[in-house]
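Be aware that the sequence shown starts at 1, since it is given in our numbering, and climbs by one per residue.
Calculated from the structure, these hints are not laboratory results. Hints are supplied without guarantee of correctness; some may be wrong.
Simulated restraints on C-beta separations [stated by the list, open to error]:
hint	residue 1	residue 2	range
1	F121	L14	18 to 24 Å
2	D112	D11	27 to 33 Å
3	K106	K24	29 to 35 Å
4	A70	T90	25 to 31 Å
5	G59	E120	30 to 36 Å
6	R77	S2	17 to 23 Å
Keeping only pairs whose Cα atoms sit at most 25 Å apart, straight-line, the calculated DSS-like set for lysine-lysine is [what the hints assert, rightly or not]:
hint	residue 1	residue 2
7	K116	K60
8	K3	K116
9	K33	K119
10	K116	K24
11	K116	K96
12	K3	K106
13	K60	K123
14	K123	K106
15	K33	K60
16	K96	K60
17	K96	K106
18	K24	K60
19	K123	K24
20	K33	K96
21	K24	K119
22	K24	K96
We put the CB at the ideal spot given by N, CA and C, even for glycine.
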Amino acid sequence: MSKTILLIEDDQFLSALLKNRLVKDGLVVLAAKDSDEAMAFLQSNQQVDLILMDIILPGKSGFEAMEQIAGDPVASRIPTMVISNLGQETDIARGKQLGAVEYFIKAQTSIDDLIKRIKEFLKVSN
């Protein structure tokens, strides 16, 4: 049974790169470019095993999206990992306070390391 990731990233290049790598590793990826599109996926009753989100998004920020997710009885049970350029201690602390199980800083995290950590978290092997 393959796992499904909801990827919330507005950078089209990075979104496509992450999606292609995750799909290549046997994961299903739903891609959203902003918080509203992400919430639509979450409310459509699609099975999502992990949310991977940026913080700097058009419209609502990732932090605002995490607050909205936390208020949803179904979506709040889905683990969230953050991948962002925001790397200040206060940003990381806020992300963790809002429920992030991991907080990756884009400039300090390789795609390979990110994919490895996601697969470990989801207990996926190939």
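Verification of the supplied hints:
no.	hint	result
1	F121 - L14: 18 to 24 Å	20 Å, holds
2	D112 - D11: 27 to 33 Å	18 Å, violated
3	K106 - K24: 29 to 35 Å	20 Å, violated
4	A70 - T90: 25 to 31 Å	19 Å, violated
5	G59 - E120: 30 to 36 Å	32 Å, holds
6	R77 - S2: 17 to 23 Å	19 Å, holds
7	K116 - K60	29 Å, violated
8	K3 - K116	14 Å, holds
9	K33 - K119	22 Å, holds
10	K116 - K24	13 Å, holds
11	K116 - K96	20 Å, holds
12	K3 - K106	23 Å, holds
13	K60 - K123	31 Å, violated
14	K123 - K106	23 Å, holds
15	K33 - K60	11 Å, holds
16	K96 - K60	18 Å, holds
17	K96 - K106	16 Å, holds
18	K24 - K60	30 Å, violated
19	K123 - K24	16 Å, holds
20	K33 - K96	22 Å, holds
21	K24 - K119	12 Å, holds
22	K24 - K96	29 Å, violated
Hints 2, 3, 4, 7, 13, 18 and 22, counting from the list given before, are not met by this structure.
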